[in-house]
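**Student:** If you want the building blocks of each chain, they are given just below.
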Amino acid sequence: MELETVRMLSRTALQNLEAHRKRIDDLNVYPVPDGDTGTNLVLTLRSIVEALDASTAEASAAVAKDLSRAALMGARGNSGVIFSQIARGFADVLGGSDDMSTPRLARAFRAASDAARSPAASVSSNGRRRSNSATASVIGRPTPCTAADAWGPCSAWSSAALG
Amino acid sequence: VEREDYVAAETDLGRISVSSDAIAQVVGHAAAESYGVVGMAGRRGWARLLSWGSRNAIQVERRDDGLAIELRVVVEHGLRLAEVGAAVRARVLYELERQFGMPVASLEVHIDRVRKSR
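Residue numbers (this note's numbering), protein chains in the order written: chain E, 527 to 689; chain S, 122 to 239.
Just so you know, these hints were derived from the structure itself, not from any lab.
Be careful, since some hints might not be right.
[Stated by the list, open to error] Negatives, chain S to chain E, calculated, CB over 10 Å: (1) 142; (2) 157; (3) 238.
[Claimed, not checked] Computed, partial: chain S to chain E, Cβ under 10 Å: (4) 130; (5) 154; (6) 155; (7) 201; (8) 208; (9) 216; (10) 230; (11) 233; (12) 234.
Because the structure is a prediction, the values reported are computed rather than measured.
Glycine residues also receive a C-beta, built at the ideal position from the N, C-alpha and C atoms.
Starting from the given sequences, assemble the full structure and let the hints guide the process.
**Tutor:** Right, here's the structure in full:
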């Protein structure tokens, strides 16, 4: 996991989210229909981008740590908190080396999906989590991510990484 | 009739009232379903996953200006606590408004403990 790559992924994710912020805001009906999911995700990603711009990490593990921390500290709203767990799961796998091959990315997305699953036993599945694990399955099979899910960062990260 | 119930509606035929237990249950469910909440305070083991009956974790009081609610939750380690707390708050308020339409005078969310579950 190289700092430049992660910066690029985060910037692309931010751009995608900014472009679809309104749409995601409008989609937001659960659990509280306050219509700020897109805004919260944009604020979270923006804060991650800023933290990574300031980062001086070199080793892969240090980059992963900075990404996890940036996501944790920058989390805004419920969706931001969930996203911080997605980023942590993603970073945990990719922090091991600079290898960003497709199988490894698939594993990272799987870990991201698992990390984001609600820690409570009464897990209520929601669209966000499902779309994330759908992306992992899509990449798991060697087909291009069609980003059928409306969920920005996931498709942004995968499409940016897969070229 | 004297009781600790909240009158939701009054008609010629009688009134419709809601007990504070019912309100506490709604609060408990809303809190327990919030992302990052792994239990209610004051309970151990499987019982803490159950929101009902956890009276020590949820207090509902009636005030002239509305309900005063206090709840204590256990949150997963490694999450941004302020944001989890805010989400619990928003969700509880939303559910109370949606289900009872009662004014809430105060809502205190205490993060009682942080637990690492994975």
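**Student:** Can you give the numbers of the hints that this structure goes against, from lowest to highest?
**Tutor:** As far as the earlier hints go, 2, 3, 4, 10, 11, 12 are violated by this structure, in ascending order.
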